[in-house]
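> Just so you know, the sequences run in chain order E and B. 1 is the number of the first residue of the first sequence in this note's numbering; add one for each residue after it. 1 is the number of the first residue of the second sequence in this note's numbering; add one for each residue after it.
Hints are not guaranteed to be accurate.
Where chains are identical, the list cannot tell them apart; a pair therefore holds if satisfied intra-copy or between any two copies.
Distance condition first, Cα-Cα at most 16 angstroms in a straight line; then the derived EDC-like pairs of lysine to aspartate or glutamate [unchecked claim]:
1. Lys200 x Glu151
2. Lys16 x Glu73
3. Lys16 x Glu92
4. Lys110 x Asp138
5. Lys189 x Glu159
6. Lys16 x Glu153
7. Lys16 x Asp167
8. Lys200 x Glu153
9. Lys110 x Asp161
10. Lys110 x Glu73
11. Lys83 x Asp95
12. Lys200 x Glu114
13. Lys84 x Glu67
14. Lys110 x Asp126
15. Lys84 x Asp66
16. Lys16 x Glu50
17. Lys110 x Glu27
18. Lys84 x Glu153
19. Lys83 x Glu114
Just so you know, the hints here were simulated from the structure itself, not pulled from any lab data.
There are 2 protein chains.
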Amino acid sequence: MSGNLYVVAAPSGAGKTTLVRMLLEREPAVHLSISFTTRAPRPGEQNGREYHFVAVDAFRGMISRDEFLEWAEVHGNFYGTSKKWISDQLAEGHDVLLEIDWQGAQQVRKLFPEAIGVFILPPSMDELTRRLTGRGTDAPDVIERRLAAAEAEMRHVGEFDYVIINDQLDQALDDLRAIVRCSRLNFGKQRGQHPALFAKLL
Amino acid sequence: MSGNLYVVAAPSGAGKTTLVRMLLEREPAVHLSISFTTRAPRPGEQNGREYHFVAVDAFRGMISRDEFLEWAEVHGNFYGTSKKWISDQLAEGHDVLLEIDWQGAQQVRKLFPEAIGVFILPPSMDELTRRLTGRGTDAPDVIERRLAAAEAEMRHVGEFDYVIINDQLDQALDDLRAIVRCSRLNFGKQRGQHPALFAKLL
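In isolation and in its complexed conformation, chain E is listed as follows (with noise of 0.2 angstroms):
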């Protein structure tokens, strides 16, 4: 028996932190990836609940023996996501969803060939000018930069296995169960689920 993994990624404006964070409220089975990180934990931060905290030394090994499947340096920290630590959850049956861009996607997508991705856009580009415009506060060339890389996300939608257009949030979450759903229904998830059933008929 295993879960399933998926990867979601958007163009910022798209509501993909909104969005997931309904998600896992409603659908507890599915635990969002906890990255590795160096910074030490904040008031109330648990460890292995926002972040598995480890030494800087403890990180630098795991980037040697090449256990991240993805890691970066953010203001001195360093951040990662184990492999191992995906594999694990997946193998005890959790459904796993990590949060990426383009970029990372292609990277799990290599290791997880099995990992289903989705893809949330705005409605149009013209409400998603409007959501980065912001309240005008913001300079133009600011602006710019955010919708070029919005754009440049977004080029990517067509290596993503589902897409969800975010105009209604209600339905767009409607959208992202069903594919959770649906995803625990195909022949070798249910064949996983139910090992007596499927012994006695194939």
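With chain E held as given, fit chain B onto it using these hints.
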């Protein structure tokens, strides 16, 4: 833009007919395939709704032009599924659902490789036996034959994309609806539905 073709199979006793009827009530965009027949309409039946009613000569003409996906003669009347009718429905953007057995499903897959196969299973073999044994009024050899036919059908479950285990009817219906919703979200379908948005991205 084109619709999805669903091919739904099950052994008797799995609850297929009930599930499909409930799906059609809740998803009006999914159309049940309408067969052609040479039998006379019964009171209340309407041409193009329950069946396409045609004369024997017209039906034989369709057979000779290889226009049927499958056809059969039952009690002196012909029944058949028209390839063209299905193609037309899909081209108009309608989803079409075919209730069919594993042999019919194989034929459909040859012509419509994009067809989405759904197989409905009972929760256990014991439960199926109980359902097929009925109220104990049938002869043992009749029950034996019924069970053998159900098992023969179920051995083909692996040829279908999705498997629904009909333990709780409302859950099984939610499964079927998730498959329908999810199948509309794949990249190709979404591009067909939102040509203006995708034209700007690709």
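> Now tell me, hint by hint, if it's right for this structure.
Here's how the hints hold up against the structure:
1. Proximity of Lys200 to Glu151 under the C-alpha cut-off of 16 angstroms is restricted to the inter-copy arrangement: shortest distance 9 angstroms between copies versus 51 angstroms within a copy.
2. Proximity of Lys16 to Glu73 under the C-alpha cut-off of 16 angstroms is found in neither arrangement, the shortest distances being 23 angstroms within a copy and 54 angstroms between copies.
3. Proximity of Lys16 and Glu92 under a CA criterion of 16 angstroms is satisfied in neither setting, with 26 angstroms inside one chain copy and 32 angstroms between copies.
4. In this homomeric assembly, Lys110 and Asp138 never come within 16 angstroms of each other (Cα to Cα): the closest approach is 38 angstroms inside a single copy and 56 angstroms across copies.
5. Taking the shortest Cα distances, Lys189 and Glu159 sit within 16 angstroms of each other only across copies (14 angstroms), while inside one copy they are farther apart (23 angstroms).
6. In this homomeric assembly, Lys16 and Glu153 come within 16 angstroms of each other (Cα to Cα) only inside a single copy, at 13 angstroms, whereas the closest approach across copies is 43 angstroms.
7. Proximity of Lys16 to Asp167 under the C-alpha cut-off of 16 angstroms is restricted to the intra-copy arrangement: shortest distance 12 angstroms within a copy versus 34 angstroms between copies.
8. Proximity of Lys200 to Glu153 under the C-alpha cut-off of 16 angstroms is restricted to the inter-copy arrangement: shortest distance 13 angstroms between copies versus 47 angstroms within a copy.
9. Proximity of Lys110 to Asp161 under the C-alpha cut-off of 16 angstroms is restricted to the intra-copy arrangement: shortest distance 15 angstroms within a copy versus 23 angstroms between copies.
10. Taking CA atoms no more than 16 angstroms apart as the test, Lys110 paired with Glu73 passes in neither setting, with 22 angstroms inside one copy and 52 angstroms between copies.
11. For the homomeric pair Lys83 and Asp95, the shortest alpha-carbon distance inside one copy (14 angstroms) is at most 16 angstroms, but the shortest distance between copies (40 angstroms) is not.
12. Taking the shortest alpha-carbon separations for Lys200 and Glu114, neither the intra-copy value of 26 angstroms nor the inter-copy value of 29 angstroms comes in at or below 16 angstroms.
13. Taking CA atoms no more than 16 angstroms apart as the test, Lys84 paired with Glu67 passes inside one copy only; the shortest distance there is 7 angstroms, against 54 angstroms between copies.
14. Proximity of Lys110 to Asp126 under the C-alpha cut-off of 16 angstroms is found in neither arrangement, the shortest distances being 34 angstroms within a copy and 42 angstroms between copies.
15. For the homomeric pair Lys84 and Asp66, the shortest alpha-carbon distance inside one copy (10 angstroms) is at most 16 angstroms, but the shortest distance between copies (55 angstroms) is not.
16. Neither within a single protomer nor between protomers do Lys16 and Glu50 lie at most 16 angstroms apart by alpha-carbon distance, with minima of 18 angstroms and 44 angstroms respectively.
17. For the homomeric pair Lys110 and Glu27, neither the shortest alpha-carbon distance inside one copy (27 angstroms) nor that between copies (37 angstroms) is at most 16 angstroms.
18. For the homomeric pair Lys84 and Glu153, neither the shortest alpha-carbon distance inside one copy (27 angstroms) nor that between copies (40 angstroms) is at most 16 angstroms.
19. Taking CA atoms no more than 16 angstroms apart as the test, Lys83 paired with Glu114 passes inside one copy only; the shortest distance there is 14 angstroms, against 33 angstroms between copies.
Violation of the numbered hints given earlier is confined to hints 2, 3, 4, 10, 12, 14, 16, 17, 18; the remaining hints are satisfied by the structure.
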